[in-house]
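All chains, full assembly: derive it from the sequences and hints.
There are 2 protein chains.
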Amino acid sequence: MAELKSNLPQGTLDLLILKAVAFDPVHGYAIAQRLEQVSRGVVQVPEGSLYPALHRLENRGLLAADWKKTDTGREAKFYRLTRKGRKQLEAEAAGWQRLTEAIGLILGMADGGAQ
Amino acid sequence: MAELKSNLPQGTLDLLILKAVAFDPVHGYAIAQRLEQVSRGVVQVPEGSLYPALHRLENRGLLAADWKKTDTGREAKFYRLTRKGRKQLEAEAAGWQRLTEAIGLILGMADGGAQ
DNA sequence: TAAGATATATAGAAGTGCGAGGCATCATGG
DNA sequence: CCATGATGCCTCGCACTTCTATATATCTTA
Chain H
1 MAELKSNLPQ
11 GTLDLLILKA
21 VAFDPVHGYA
31 IAQRLEQVSR
41 GVVQVPEGSL
51 YPALHRLENR
61 GLLAADWKKT
71 DTGREAKFYR
81 LTRKGRKQLE
91 AEAAGWQRLT
101 EAIGLILGMA
111 DGGAQ
Chain W
1 MAELKSNLPQ
11 GTLDLLILKA
21 VAFDPVHGYA
31 IAQRLEQVSR
41 GVVQVPEGSL
51 YPALHRLENR
61 GLLAADWKKT
71 DTGREAKFYR
81 LTRKGRKQLE
91 AEAAGWQRLT
101 EAIGLILGMA
111 DGGAQ
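Those protein sequences? They're chains H and W, same order as listed.
Take 1 as the starting number for the first sequence in our numbering and just add one per residue.
Take 1 as the starting number for the second sequence in our numbering and just add one per residue.
Simulated from the structure, these hints should not be mistaken for lab results.
Some clues are possibly wrong.
[Said to hold, decoys possible] Cβ-to-Cβ under 10 Å is the rule here; a few derived chain H residues that face chain W: (1) L16; (2) F23; (3) S39; (4) I103; (5) M109.
[Unchecked claim] For each label pair, taking beta carbons as the anchor points, the in silico distance ranges come out as: (6) H:L105 / W:T70: 18 to 26 Å; (7) H:K69 / W:Q33: 51 to 59 Å; (8) W:R40 / H:H55: 32 to 40 Å; (9) W:E47 / H:A91: 22 to 30 Å; (10) W:K84 / H:T82: 43 to 51 Å.
[What the hints assert, rightly or not] Computed list of chain H residues with no C-beta within reach of chain W, every gap over 10 Å: (11) E47; (12) Y51; (13) A53; (14) H55; (15) N59; (16) G61; (17) A64; (18) W67; (19) K69; (20) T70; (21) E75; (22) K77; (23) F78.
The beta-carbon is built from N, C-alpha and C at its ideal position, and this holds for glycine as well.
Set out below in structure tokens:
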């Protein structure tokens, strides 16, 4: 069994959370599930990473939260994007794309070809 | 000026260094320049990140180093991939691709469609 | 009443990146 | 002859994030 766990690079989790919340208010537990589902299990978010990240984003004013009832009738903290958070999401998404393109260039370097 | 500094996500630097060294032995200073050039300036590697990373990779047995003379006649530490390092590079490159695809799926989620 | 899924939270450990500094050599030009 | 800038290596310590482990509580089902 090789390493099937795909640890998220530092800073990436915030972007994913912002994106997961962008559509409609969701509570933490569901965010993790949503990310895992959409990424087909590649992205996994342990709770010890998720909740500190949510509080971080809330403190920075990128997320806001309200307590509501879930479908199952339990109280849960539903997070939503603030205006600032949406802006941040756009910026981070663009930055991510720039970065992946740049790294793509590097990984595309010939390493067996000529020079 | 917005944030023009492109911080590398944690763990990515190792991959880039391994790749930069994969073709031929290079010394640290040149690795940073190579990465910056190929990525068109998006990836920047400060020395405070570079040298600790090189030592890390050497200690893990992924890189090996020899002192040689550069074109300019100066002594420099040339790093090369070990067999283990090459294997690691392949694994990390594959992992990176899996990850970017997964994140691509997430970022591709509709968030502004309805409502 | 026990188990398992749902749901939130914190503490501590571990790892990484980066700024700031220090050292040394070589080429250039005043 | 000496100052400057580019080359080239290195370490210290802060800051930040992630993960493992743990604690708590509710609801459903058996």
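Comparing the hints with the structure gives:
{"no.": "1", "hint": "L16", "verdict": "holds, 6 Å"}
{"no.": "2", "hint": "F23", "verdict": "holds, 5 Å"}
{"no.": "3", "hint": "S39", "verdict": "holds, 4 Å"}
{"no.": "4", "hint": "I103", "verdict": "holds, 7 Å"}
{"no.": "5", "hint": "M109", "verdict": "holds, 6 Å"}
{"no.": "6", "hint": "H:L105 / W:T70: 18 to 26 Å", "verdict": "holds, 25 Å"}
{"no.": "7", "hint": "H:K69 / W:Q33: 51 to 59 Å", "verdict": "holds, 57 Å"}
{"no.": "8", "hint": "W:R40 / H:H55: 32 to 40 Å", "verdict": "holds, 37 Å"}
{"no.": "9", "hint": "W:E47 / H:A91: 22 to 30 Å", "verdict": "holds, 28 Å"}
{"no.": "10", "hint": "W:K84 / H:T82: 43 to 51 Å", "verdict": "holds, 47 Å"}
{"no.": "11", "hint": "E47", "verdict": "holds, 19 Å"}
{"no.": "12", "hint": "Y51", "verdict": "holds, 19 Å"}
{"no.": "13", "hint": "A53", "verdict": "holds, 14 Å"}
{"no.": "14", "hint": "H55", "verdict": "holds, 20 Å"}
{"no.": "15", "hint": "N59", "verdict": "holds, 19 Å"}
{"no.": "16", "hint": "G61", "verdict": "holds, 17 Å"}
{"no.": "17", "hint": "A64", "verdict": "holds, 17 Å"}
{"no.": "18", "hint": "W67", "verdict": "holds, 22 Å"}
{"no.": "19", "hint": "K69", "verdict": "holds, 20 Å"}
{"no.": "20", "hint": "T70", "verdict": "holds, 19 Å"}
{"no.": "21", "hint": "E75", "verdict": "holds, 24 Å"}
{"no.": "22", "hint": "K77", "verdict": "holds, 20 Å"}
{"no.": "23", "hint": "F78", "verdict": "holds, 15 Å"}
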